[in-house]
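**Q** Those protein sequences? They're chains U and E, same order as listed. Here full-length UniProt numbering is used: position 55 in the first sequence is 55, and no number is missing along the way. Here full-length UniProt numbering is used: position 180 in the second sequence is 180, and no number is missing along the way.
A hint or two may mislead.
Since the list gives no way to pick one copy over another, a pair counts as held whenever it fits inside one copy or between any two copies.
What the hints assert, rightly or not - 20 Å max Cα-Cα, derived EDC-like pairs, lysine to aspartate or glutamate:
#1 Lys588 - Asp473
#2 Lys588 - Asp477
#3 Lys452 - Glu232
#4 Lys737 - Glu176
#5 Lys588 - Asp753
Derived by calculation from the structure, the hints in this document are not laboratory data.
Protein chains: 2
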Amino acid sequence: MITHPAYMVEPWCLRETELNLDVLSQSESVFALSNGHIGWRGNLDEGEPHGLPGTYLNGVYEFRPLPYAEAGYGYPESGQTIINVTNGKLIRLLVDDEPFDLRYGKLHRHERVLDFRTGLLHRTAEWTSPSGRSVRVRSSRLVSFTQRAIAAVSYEVEPLDGDVRIVVQSELVANEQLPLTTRDPRAAAVLESPLAVEHHAAHGPRIRLLHRTEHSGLRVGVSASHVVSGGEKTEMSSESSDNLARFTITTRLRSGQRLRVEKFVAHGWSAIRSAPAVHDQVDAALAAAVSTGWQGLADEQSDYLENFWSRSDVEVDGDAEIQQAARFALFHVLQAGARGEARALPAKGLTGPGYDGHCFWDTETFVLPVLTYTAPQAVEQALRWRYSTLPAARERARQLGLEGAAFPWRTINGDECSGYWPAGTAAFHINADIADAAVRYTKATNDEAFEKEVGLPLLVETARLWRSLGHHDHHGDFHIDGVTGPDEYSAISDDNTYTNLMAQHNLQEAAAVVERHPDLAALLGADDEEAATWRDAATRMTLPYNPELAVHEQSEGFTRHQLWDFAGTGDDEYPLMLHFPYFDLYRKQVAKQADLVLAMCLRGDAFTPEEKAANFAYYERLTVRDSSLSACGQAVMAAETGHMRLAYDYLGEAAMMDLSDLQGNTRDGIHIASLAGTWFALVIGFGGMREYDGLIAFTPRLPEQLGRLAFTVQFRGQRLRVEITGSTATYSLLDGKALEIRHCGERLRVTSDAPESCQVPPIPTGPAPEQPAGRAPARRGRAPGHSEG
Amino acid sequence: MITHPAYMVEPWCLRETELNLDVLSQSESVFALSNGHIGWRGNLDEGEPHGLPGTYLNGVYEFRPLPYAEAGYGYPESGQTIINVTNGKLIRLLVDDEPFDLRYGKLHRHERVLDFRTGLLHRTAEWTSPSGRSVRVRSSRLVSFTQRAIAAVSYEVEPLDGDVRIVVQSELVANEQLPLTTRDPRAAAVLESPLAVEHHAAHGPRIRLLHRTEHSGLRVGVSASHVVSGGEKTEMSSESSDNLARFTITTRLRSGQRLRVEKFVAHGWSAIRSAPAVHDQVDAALAAAVSTGWQGLADEQSDYLENFWSRSDVEVDGDAEIQQAARFALFHVLQAGARGEARALPAKGLTGPGYDGHCFWDTETFVLPVLTYTAPQAVEQALRWRYSTLPAARERARQLGLEGAAFPWRTINGDECSGYWPAGTAAFHINADIADAAVRYTKATNDEAFEKEVGLPLLVETARLWRSLGHHDHHGDFHIDGVTGPDEYSAISDDNTYTNLMAQHNLQEAAAVVERHPDLAALLGADDEEAATWRDAATRMTLPYNPELAVHEQSEGFTRHQLWDFAGTGDDEYPLMLHFPYFDLYRKQVAKQADLVLAMCLRGDAFTPEEKAANFAYYERLTVRDSSLSACGQAVMAAETGHMRLAYDYLGEAAMMDLSDLQGNTRDGIHIASLAGTWFALVIGFGGMREYDGLIAFTPRLPEQLGRLAFTVQFRGQRLRVEITGSTATYSLLDGKALEIRHCGERLRVTSDAPESCQVPPIPTGPAPEQPAGRAPARRGRAPGHSEG
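So that you can see chain U by itself, here it is in the shape it has in the complex:
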């Protein structure tokens, strides 16, 4: 956890005003740049000191064995791990005869700024070497949203106290030495030297490395070129070897002179293209980038982001930290998804090796909803990736003795990588989560081509999975037994309510899509008879309920189980999974994360307001939030049940997950889903936004700490701006002619002519729910007194 204020609170950027080696790894994650294809961690230009060097290409992984003390049928034997590919960030500097290394000499000033509007990461360092020579280094870095293969650096050195001899080495480095991995299973397995060289070259300012992974057989090419200006008696040379290509600039700088190096780095990889093809591909991308130039790339980046913010910005009055965090979150969610293009969207984006670079259910459940209403093309791409893995998912279903498709719990290439089936294979809800994301995207975009090509097969095959996974009992009720819901402190339960409700929706929507496209469905062998069996199962879906307690059960029998001994659990015993066996967690009433509460968030139509209030209060007492995926769902349901202060506190937790490193593992990459949860809490929670039956609906309600909340969402090609104050909600249509919505249950037609203002009714509330001892969310105080620059 980052316990001191690490970053300044500003609305449009993240600023670090001093270099703190204690949180270097964390800052490398939060300052990471990505376009969804390339990920550059916020490592210092000169490479060291570092927490964890990281350069990632989406889809580039190596296999690793998954060992078992006792093997079993259907256990995956090989997993996939994201690998640190060739590092193109490196620019080393020699000042006179001493390397620019901030651990030595004296650092007078060090500032880094991640600008959410320009997409650039800026750095300024003023440093005196151990021998007394002072220089200022300024660098800016971008990973281009517009030129997908390109990242670039602008690097400037100037002397601060007279002439100095400068050597700059701009490098490409493969197989960097990585710090040892921890025992924390959430961290990545370190693979030593995953890249085997195929080619290296250096021609003047152009350097290139081409490698291949040993087992996965992926070819990775990186080329760089440079534009140099400034300095006197400048000499340049380049050289290359197996794991290093280097461009060296030697020069003298007088007072007032600057050496400026613009570095363009092109990345490419392929599983099937030949070495010359990959080689040419990166060179071509590089040529285009060099032609665009640094300023051209920076301008394109700004334009891209201006467009993004016009579609997606969230404005918050009354809590500057939340305002910043909301934009930080949206920026990183965009970075993770923008240019993934039919590759997975990993849990950590491309900001670190955490969770082995795997994609889980949280992409579809938390990240894609945000992108659906802000950058829907990214959702289409992410779901096209899922669709591309359908053959593997069908094969996995066969292996498990099931019909349809069983998508993997964690994966990079579409094959299951989960080595612990009770919390992997058994968590079948991911299939409904994928189906749900496809339905949401289709309803929000009316993208019929997508529905026919991608949505229909995804829905049909997941519906088949549910139909074969569940069964009707002899009373006709439909049960799904022995599965694991979102809560990872329960497993292998019967009739998990979240799973059953999501499966119900999946079955219903699959039946509907077959009805809409009977000819296409027929190509998959689906017909009215099959769809009828899905409707039957959905209609008779079991939802366990405890009438004595008057609450729904997370799963059958859950509320009869022993309560976890929260009073006897010390603060230092969280997260519980590191201090108690799964055995004990599974059989008691304790929830790692929102499960039934998330079901109420995503399937609010299945519960009455009274049930929501009772259920929320009951499960609040059991939920310890050892998962970063919990707070946002709790924020939404706290808001819906009228507990605005609590919702506000949960918003704070979701928003500060990485900026304050609340889970203690931001070093391994940021939590994309929790960041998406910031938007969830604000837009779905306080905006009260839902989508039912093809209409978006709002039930706005603000906590008293926030004076105003405004956000823009896209729906069917139209942009709607929503502005909420304590008493009024104003809806403005920014694009399009007219849009029918709901406000607090009433239909409302918004046109481009004029905004519509509506009263926000007062919020009914009951007694505040309680959390387990010591597990209430941090109480948000007034916003910290930093500048709002």
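Put chain E on the given structure of chain U with help from the hints.
**A** Structure of chain E alone, referenced to chain U:
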């Protein structure tokens, strides 16, 4: 499976009349000799051909890592594996210039006989070498019951067609090369070269090797000496090196002459004694054995067994194969337990490396009951071993957040070795099984010293475990949630009926023992108050029952689950665990082995006759018997519910488990518990023997295929012989003055004056229960037409 008749059917021995290389591994297991301390597999004297060479010392293991694809709190990181120690069986033979290897030349005759009355394994081979020289080799082998450290071989060679030059090499070999392990998780991990040499020596006929295991640090010493007679111009020499000590005899034999070598092998090991101490220990044992001589050892062995059979024999008329199998079973059960002396009694005894040489619950549940009534001192020793591991079990309970002691699911040294917690740690019933064995032994022997020293702490600490593992719900009912019962095709269930009933008994008996010995209990901190909480829990123990189906549930919700698709499961898809994921098995109604049925067998007092009949019929339809532990419990309940033909067939399955290799893994060692199950089926099933409230009771009933069943049991130092025919049961007291028993529910006093004969009432029966398609036990035909020698 052994599909051809491999062994002759004879009442007092197991005879193999030809060498069949296809079933060599299996025969090595069934011909294994052991005294519970030393185990010698039935490898050929000359070492090759072999299936699996094996020499074991009880308690000698090596650590091996237990890897996990995803680690978790409380997972054991290190397991234990039984190792193949120094082989003292080896006697190689050179006939003229060719090695005696049965794979070459011509084998005219090969016979092996395991004699249950003498405890000797005899072998005769008549062989012509490739170059045409013929010899007869006769050997006999024993592992002494009376001299615990000693095994011995008598080895004779004689020429069959004129003079021959003979070289005999009698060896001790460490770190034998072993065949590669299979992927079957039930087989042992092969550890290459587990023994590091500390000392080797050869002095005339005496040879010695001393090794140490690397990680477990166990010192293993083996010494051998030889007595040689016969032959002309005999020369003898010996030599030793790191892994080989060899005594070589060179001689010439004329027609009619024989070379005879008597080999005495002393084994010893220690975790704490120094090399010289272990060295001396084996030499001392060797000296005693040499002094006793071969014939002396053989005589002691016969005497020991004569005594054993007088206390334990089971006679069966009408099925010669069962008669043989019953004695084979008792012989091997004795071998496994006789001289274990405060070491574990492994699932395979010391007959092979299967299950890594681990001890499981089946020792207490199946093996110890047999020994309780036939060789009770072995039970005392086995439970003293459990008691010796109480500190580790207490520590494990602490680690799991529980009170009392949590005994390991599988272990050699007392530490948990299970690498799959849903079928390991979660199978807490082992604790009640241990308590049950202690109670049974105490009631059968009145061994008060044992109760005070061993029984009381075992009962108190296991009762504490149950009290902390379970909880009272708000109606006061006591539940034990999230545990795994005997059936390994279910896991992590609430209120497993077997577990709850065994825990109930455990809690009641613990309360009773605290009441009997309050002062001793106080030393453990146990008092009336604590005992009252145990009684409360026992009184309010939940037993799930489905009133609609009118059957008990194996665990809460079990009977509501989907039925396994037996009709759609092919014969080649058994055992199911090798063809279907645990995920699928766990959530459906399918039982690997008797679970509720075993509960009815061990806690018959908890069910009415009608319930037994209904439950038995219900679970018969679900039980596939992929476990060797299933048939005997089903035999018992089939007999009790009047299905005598079915009981007889199940008896056949239990009895022939290893003789016909029904599970296909007899190569890795015989199934001691299934062998014990033969006795279960005969004595508990057909004898109807139960023990309630300190009385043994009989409800005899024979299947029509058996004309007579007679058996002897020990109870409180008295021997009772029971002889049952179709219509009469006769009780004879062989030792002691008088014994009160029950016959068919009526009290009966048997005195030494005269046998008591009673009528056996006719057996009420209902419709025959059905088994899953293809999973009915093999129908026993008339006994095969082999000689009854």
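**Q** Which holds for Lys588 with Asp753 at a C-alpha limit of 20 Å: within a copy, between copies, both or neither?
**A** Neither, since 57 Å and 61 Å both go past 20 Å.
**Q** Within, between, both or neither: how does the pair Lys452, Glu232 come out at a Cα-Cα threshold of 20 Å?
**A** Neither: 63 Å inside a copy, 95 Å across copies.
**Q** State whether the alpha carbon distance between Lys737 and Glu176 is at most 20 Å within one copy, between copies, both, or neither.
**A** neither (55 Å within a copy, 85 Å between copies)
**Q** Is it within, between, both or neither when you check Lys588 against Asp473 at 20 Å Cα-Cα?
**A** between (27 Å within a copy, 12 Å between copies)
**Q** How would you classify Lys588 and Asp477 at a CA-CA limit of 20 Å: within, between, both, or neither?
**A** between (26 Å within a copy, 16 Å between copies)
When held up to the earlier numbered hints, the structure conflicts with 3, 4, 5 and fits the remainder.
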